[in-house]
Each structure stands twice: as C-alpha cells, then as structure tokens.
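Protein chains in written order, with the working numbering: chain A, 1 to 352; chain B, 353 to 600; chain C, 601 to 672.
Keep in mind the hints are simulated off the structure, nothing from the lab.
Quick caveat, the model's predicted, so the values are computed rather than measured.
Using N, Cα and C, we set each Cβ at its ideal position, and we do this for glycine too.
Wrong hints could be hidden among the right ones.
[Claimed, not checked] Per label pair, the in silico range of CB-to-CB distance:
id	chain 1	residue 1	chain 2	residue 2	range
1	C	609	A	209	20 to 28 Å
2	B	358	A	236	52 to 60 Å
3	A	218	C	631	39 to 47 Å
4	A	202	B	493	38 to 46 Å
5	B	587	A	39	40 to 48 Å
6	A	209	B	551	28 to 36 Å
7	B	437	A	209	27 to 35 Å
8	A	218	B	358	31 to 39 Å
9	B	389	A	1	52 to 60 Å
[Stated by the list, open to error] Over the 10 Å line for every Cβ pair with chain B, so calculated as not near, a few chain A residues:
id	residue
10	1
11	3
12	32
13	95
14	113
15	130
16	214
17	227
18	241
19	291
20	306
[To be verified] Reference excerpt, derived from the structure (chain B facing chain C, CB under 10 Å, subset only):
id	residue
21	355
22	359
23	365
24	373
Spelled out from the first residue to the last, the chains are:
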Amino acid sequence: MKILMKGNEAIGEAAIRAGCRFFFGYPITPQSELPAYLARKFPEVGGTFLQAESEIAAINMVYGAAGAGARVMTSSSSPGISLKQEGISYIAGAELPCVIVNIARGGPGLGDIQPAQSDYFQATKGGGHGDYKLIVLAPASVQEIVDLVMDAFDLADLYRNPVMIIGDGALGQMMEPVEFKERKKIKLPPKDWTTTGMMGRKQNLINTLDLDPEGLERHNLKLKKKYDEIKKKEQRCEVIDCDDAEVIVVAYGTAARVVQTAQKRLRKEGVKVGIIRPITLWPFPEKTIKQYRDKVDSFLTVEMSTGQMVEDVELAVGGKAPVYFYGRTGGMIPTPGEITREVKKLASGGCK
Amino acid sequence: MKTVFERPKSLQDVKTHYCPGCTHGIVHRLVAEIMDELQIREETIGVCPVGCSVLAYNYFNCDMQQAAHGRAPAVATGIKRVLPDKVVFTYQGDGDLASIGTAEIIHAAARGENITVVFINNAIYGMTGGQMAPTTLVGQKTQTSPYGRDPKSAGYPIKMSEMLATLNGAGYIARVSVHDIKNINRAKRCIKKAFETQINKQGFSMVEVLSTCPTNWGMHPLDALKWLEENMIPCYPLGEYKTPGEVK
Amino acid sequence: MKKVVFDEERCKGCELCTTVCPKNIIVMDTKRINSQGFHPATVKDEDQEKCIACANCAKRCPDLVISVYRPE
Numbered sequence: 001m002k003i004l005m006k007g008n009e010a011i012g013e014a015a016i017r018a019g020c021r022f023f024f025g026y027p028i029t030p031q032s033e034l035p036a037y038l039a040r041k042f043p044e045v046g047g048t049f050l051q052a053e054s055e056i057a058a059i060n061m062v063y064g065a066a067g068a069g070a071r072v073m074t075s076s077s078s079p080g081i082s083l084k085q086e087g088i089s090y091i092a093g094a095e096l097p098c099v100i101v102n103i104a105r106g107g108p109g110l111g112d113i114q115p116a117q118s119d120y121f122q123a124t125k126g127g128g129h130g131d132y133k134l135i136v137l138a139p140a141s142v143q144e145i146v147d148l149v150m151d152a153f154d155l156a157d158l159y160r161n162p163v164m165i166i167g168d169g170a171l172g173q174m175m176e177p178v179e180f181k182e183r184k185k186i187k188l189p190p191k192d193w194t195t196t197g198m199m200g201r202k203q204n205l206i207n208t209l210d211l212d213p214e215g216l217e218r219h220n221l222k223l224k225k226k227y228d229e230i231k232k233k234e235q236r237c238e239v240i241d242c243d244d245a246e247v248i249v250v251a252y253g254t255a256a257r258v259v260q261t262a263q264k265r266l267r268k269e270g271v272k273v274g275i276i277r278p279i280t281l282w283p284f285p286e287k288t289i290k291q292y293r294d295k296v297d298s299f300l301t302v303e304m305s306t307g308q309m310v311e312d313v314e315l316a317v318g319g320k321a322p323v324y325f326y327g328r329t330g331g332m333i334p335t336p337g338e339i340t341r342e343v344k345k346l347a348s349g350g351c352k
Numbered sequence: 353m354k355t356v357f358e359r360p361k362s363l364q365d366v367k368t369h370y371c372p373g374c375t376h377g378i379v380h381r382l383v384a385e386i387m388d389e390l391q392i393r394e395e396t397i398g399v400c401p402v403g404c405s406v407l408a409y410n411y412f413n414c415d416m417q418q419a420a421h422g423r424a425p426a427v428a429t430g431i432k433r434v435l436p437d438k439v440v441f442t443y444q445g446d447g448d449l450a451s452i453g454t455a456e457i458i459h460a461a462a463r464g465e466n467i468t469v470v471f472i473n474n475a476i477y478g479m480t481g482g483q484m485a486p487t488t489l490v491g492q493k494t495q496t497s498p499y500g501r502d503p504k505s506a507g508y509p510i511k512m513s514e515m516l517a518t519l520n521g522a523g524y525i526a527r528v529s530v531h532d533i534k535n536i537n538r539a540k541r542c543i544k545k546a547f548e549t550q551i552n553k554q555g556f557s558m559v560e561v562l563s564t565c566p567t568n569w570g571m572h573p574l575d576a577l578k579w580l581e582e583n584m585i586p587c588y589p590l591g592e593y594k595t596p597g598e599v600k
Numbered sequence: 601m602k603k604v605v606f607d608e609e610r611c612k613g614c615e616l617c618t619t620v621c622p623k624n625i626i627v628m629d630t631k632r633i634n635s636q637g638f639h640p641a642t643v644k645d646e647d648q649e650k651c652i653a654c655a656n657c658a659k660r661c662p663d664l665v666i667s668v669y670r671p672e
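Chain A on its own, in the form it takes in the complex (with noise of 0.2 Å):
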C-alpha cells in the first residue's frame, strides 16, 4: 500500500519501522522535518527523541546510546556534519553502529541550503581523524530513501559500524509515493559487548584510547578487514543500458535523477549512452566500472560539487578509457539539457 510521503519523513517512519527508537538531533535546514516527525511520533511508539544542545552534543549522545545496545539515528546537513565529525571517528573507532543522516547542502561555510553532493570527500574519505570508514549509501528517490534506511540499521548492527545515509534538500523536501515492503529478517550478531551494567559478567567496556601503539596498530588492522569484507560484499549501484553503451554516465542521488532523464532523450536520438548510478558511496562499486571500463569510448561523471567522486571513478576506470567531468556547484543543479550537451560533445567526439 503506497502513501505519499515527504522524504526528511519517510527517513523518520523508516527507522522507526527498522526498531530505531532513540534520536539525538539538532534543527539545520534543509533536514528538519525529519526531527520534528520523530518528536511526533516517537511517542507513539516509546521512542526517545531528544534535541541537543548542538550536533556535537548529538553524536555523543548517539554514542552513548548505541553503546548501551540501541538502535540509534543521528540526523543533519553538511556544516552540521562537520560538526559531529570527531564524533564519528570515536563511533567508528568504538565499533558502535548507528544511522547518520546528511541531507547535505550548498558550502563551504555556511553556503545556501540548496542540494549539492560536495560533501562526498568527507563523507567517503573520512571527515574525521583516523583510518575509518563509513558504508555510506545515496538514495535517489523517497522509496529509495525507505529501503536504504532500513538496510542502514541493518548492516550498522551487521558490521558494528556506523552507516551514513547521504541526500540533500531535493530528496528531502520532494514527496513521493512510498511502500514499506515486509523484509527478510537476517541474522545479527548478539550485543554482547554493550554498557548495561556488569550483572554478574565481567566489565564491557567502550573505549577508543589505546596508548600502546601496536595494540593500536592491532585494533586498525582489524577495522580494516572489516572494511575490506565489505568492500567485498556491499558494493550496490544501478546499471542502465551499459551493454552497447558507448559513453557511460556516473552520477548518484539528485544528480542521477537528472542524467537519467538525458539518457532517455539521447537515447531517442540513437545516442548509445548509459548510466552507472553508484548506491554506496562507499564502498564506492569499482566492481561494475570495471566491468565496463574496456568496452567504453568514455566516462562521463555528473556530480553537484566542483568533482569528487570522479577521482573514484578515475581510480576504478584505471586509465582504460577517459574519464570527463560535469558539475553545478554551490547549491546548483544541472538541467537535462546540459547532461544531453556534454554526452554529445563525447558521443560525437568518437570517431565512429
């Protein structure tokens, strides 16, 4: 049964229906509806909502929580962002999972509150200090946004690590149909290691201090393999018409929606054009680009920000085809019309 939901909202109902019941936020445009529904409807269901006294106060308190076992939801947009970054590193390092949410804006600095995707470094490279990562997923619709929510407690708990959702004021203020399909339930590991008071066990401890270098060393290797293990089994990403394509589009989110209506334009015009929409971020699907670095003439990514995962896509495509950029920046957002004019300048640029 679909219902017509606003997609700051649809993040709020899909945690709740994902068992999250503890949010710590702080009001930033363009993200605060999703506050403001938990503080509705979080008392429906037993939820805790609680407004910090700013982002920083909210992550912390996010890790606290998360290290006494629940399901916890932190939400923002970019500058906000920056703020719990330190936060984040300690989550990562602690091993704690928990749901990050940035519905990210025009920056630097305080910018505009209009969608862009220039965050994309902080959000896949690390933002904060030390060799962490986040699995960061980019829904490009509200329906997208439900089911990767849901997924996003899931493989927190699954990999013990926090998982962050990224948008931007376009996916949160649209709305759009929504259906909350019934999931498979997958098995998780048992919180054995929370903070609930010893209870006749010895003392569980969350701590990301380790003085000794090689324990140190020791307890970044095995964030590693955890990293590496999901690079391994969590790379998602859309493929469309790639197979006779000649120039392959990259783009994620808002910036997706938009090539996609190009694609369908060239594609009327014989133009062989197709699109490879990255899900997560990270791990960023190298797996499919390189599945179609050898048969392309070149890579075209579309990004809102100035180019940022276009050095992804550079690392993955290895040099086997050319790899060109096209973004708006600072809040803009690119028309069909331009995506069609830099994919023909390719197109035609080839020399069939």
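Start from chain A and add chains B and C according to the hints.
Coordinates of chains B and C only, in the frame set by chain A:
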C-alpha cells in the same frame, strides 16, 4: 580481626597511573565506596572523558564508556535515555567540564538529566602538562599563564556549582574538598547524596571536588593540600548549592 | 596480626598519610625503596599496637596502600 578499612569492591585491584599525592585516587575511592554501600556496582555505567582520569575505566569495577573531551554529559545522556533504571555517572576534570564541555554540562543540568557528575576541580589541565584552565585562579602561574593568570586577557575563574545551581533541572549541586580528613568524610556524604538524587529520580546531580595537582602545581603533595585550603576555597566556597525538593 | 597493613608496592611516597595519624606512628621507610622507586610509608612493628584503627591514614591515601583492622 575486624576489617575497618580495605579496598572497595567497586575499585579494581590495580596500581593507578596518577602522580604521587594526586587526590584523584581519594575521589575514586569515595565514589567506589558509595557504589559498594548503595550496592549499585553491577547496575552502574561510568563515563570518563579525556583528561588524567580518562583511564578511570581501568580503575572502576563497573561498565564504562570513554568519551571525547568535554562530551561525557552527552554520552551519559545517551546511556541514561536507553537505560533509565541504571545508574550513570561521569567523572570529569575542570578542563573537560568547565572549558570545552560547558555546553554539555549546562544543558544536561538544564534538562534535569538523571545522571551524577563527579567534577574534579584542580584549577589546571593535568594530563597535558599544566596549562591554564577556566578554573585557574587569578595570578596562578601555569604553562600558559607563566606570569600568573591575568583577568584582563584570560578572564576570571568560572564557578560551575553556583552557575548550575540556578538551573531548575539541577536536583543536587555541592562543592566539597578533600584536603583533610574532615572534608574527605564530608565529600563522601555529598557524593552519596548526589547518587541518591539520581536514584530517586530527582534530577541532575553534581559534586565539584576541589583537588590538587602536585606535579603541575610544582608542589609537594602536602603543600598542595595546604595551597588548596588557603587559595582555592576562598575562590570556590564549599557547600551545598542545590538540594532536591528545594523550590528555586 | 597487624592492625594497619601497607601494600608497600603500591605506595608512591607522597607522604599524605604521615600527617593525619593521631598517634604519629606512620613514617617513610627511607632505608629502602619499592619497585616503583619510592620510599614506602610504614608503621614500625613495635608501633603497631599503638594504632587505634581510626583509618585516617587509609582515608587519606590516594592509592589504597593501607588496610586497617581492629581486634574483635
């Protein structure tokens, strides 16, 4: 032979890293004795942020979480909201609570968060080697106030107990000291009251414990206690600044 | 059986216990050092029976060096 005094069960039987004569050890023992007496050790979660006492997770014999500098009240809030029937305390230094963590401590108190804060005020940053803290006294020499703290450029000592006592969410606020036996006994009574405030769900509780830092004050531990009595207490008067049921 | 027992390996030689004993029987044993390199605090055997088991010393010790017992 009857045992008059021995290590409380809530303290692990290990050597601590604290400097000789550092009063952290005394306060750790008081908190641990109270956990034993209230029989809450196995129901308690402690939060220790960055500072000399970050390693308290090696000393308290209960579940612990280590927190980022200044964020213990937020971490404790997260724990307490998930486990409202457990006892949650933070053990924080003055650099942690009165400087980087001022927002977190003020809002935890304003929310009436049912947690207990043990706040060690030794007027200096200990772990990092003796820098000026917001609680450093006027004229007190430190690594970053080498000519003595000058209010014209570095302002005045912050009196956290008086400040937090103005907040309705605060159930119990007291300032105590451990510079002599009488005050150690009194400190224990106040810390116990703070834990009882939490257990009775009467709001936020905090005990500010005036403490010494012999190494960074550059004094013999005994002289440090004397210095505390003669210099810190006039700036930080002892007493109970808020008690449960008091209508403010 | 001793009334006041010092776990001398834990002592850091801070001397806080030496000024609170009503019987003034706590001294720093300057003839030796413990594994941490400190002169440990102690009560001479002959002074043990002077101890009134008030535990002031134990309450003042930051390192739980001192345990105190009282005959039944």
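Evaluated hints:
At about 26 Å, the beta-carbon gap between residue 609 of chain C and residue 209 of chain A stays in the expected band of 20 to 28 Å. Checking the proposed 52 to 60 Å range against residue 358 of chain B and residue 236 of chain A shows it holds: the Cβ atoms sit about 59 Å from each other. Between residue 218 of chain A and residue 631 of chain C the beta carbon distance is about 44 Å. The supplied range of 39 to 47 Å therefore holds. Take residue 202 of chain A and residue 493 of chain B: their Cβ atoms lie about 45 Å apart, and the range 38 to 46 Å holds.
The given range of 40 to 48 Å is respected by residue 587 of chain B and residue 39 of chain A, whose C-beta atoms sit roughly 42 Å from each other. In this structure, residue 209 of chain A and residue 551 of chain B meet the distance hint of 28 to 36 Å, their C-beta atoms being roughly 29 Å apart. Between residue 437 of chain B and residue 209 of chain A the beta carbon distance is about 28 Å. The supplied range of 27 to 35 Å therefore holds. Checked against the hint of 31 to 39 Å, the C-beta distance between residue 218 of chain A and residue 358 of chain B comes to roughly 36 Å, which is consistent with it.
About 57 Å separates the C-beta atoms of residue 389 of chain B and residue 1 of chain A, a value consistent with the hinted range of 52 to 60 Å. At roughly 32 Å, the least C-beta separation between residue 1 of chain A and chain B is larger than 10 Å, which holds for a residue marked as non-interface. Remark: the non-interface label on residue 3 of chain A is consistent with the geometry, its nearest Cβ contact in chain B lying 30 Å away (cut-off 10 Å). With 10 Å as the threshold on Cβ separation, the claim that residue 32 of chain A sits away from chain B holds: the shortest Cβ distance comes to roughly 19 Å.
Against chain B, the non-interface label of residue 95 of chain A holds: every CB pair exceeds 10 Å, the least being about 13 Å. The claim that residue 113 of chain A lies off the interface holds: its Cβ sits roughly 24 Å from the closest Cβ of chain B, which is beyond the 10 Å cut-off. Every beta carbon of chain B lies more than 10 Å from that of residue 130 of chain A, the smallest distance being close to 13 Å; the non-interface claim holds. With a least CB separation of 18 Å from chain B, residue 214 of chain A remains clear of the 10 Å interface cut-off, as annotated.
For residue 227 of chain A, the condition that its CB be more than 10 Å from all CB atoms of chain B holds, with the nearest at approximately 22 Å. For residue 241 of chain A, the shortest C-beta to C-beta distance to chain B comes to about 46 Å, beyond the 10 Å cut-off, and the non-interface label holds. For residue 291 of chain A, the shortest C-beta to C-beta distance to chain B comes to about 42 Å, beyond the 10 Å cut-off, and the non-interface label holds. The Cβ of residue 306 of chain A sits about 32 Å from the closest Cβ of chain B, beyond the 10 Å cut-off, so the non-interface label holds.
Interface hint at residue 355 of chain B: satisfied, since its Cβ lies 6 Å from the closest Cβ of chain C, which is below the 10 Å cut-off. Contact between residue 359 of chain B and chain C, as hinted, is supported at the beta carbon level, the nearest pair being about 5 Å apart and thus within 10 Å. Proximity of residue 365 of chain B to chain C holds as hinted, the smallest CB-CB distance being about 8 Å (cut-off 10 Å). Interface hint status for residue 373 of chain B: upheld, as the beta-carbon distance to the closest one in chain C is roughly 3 Å, under 10 Å.
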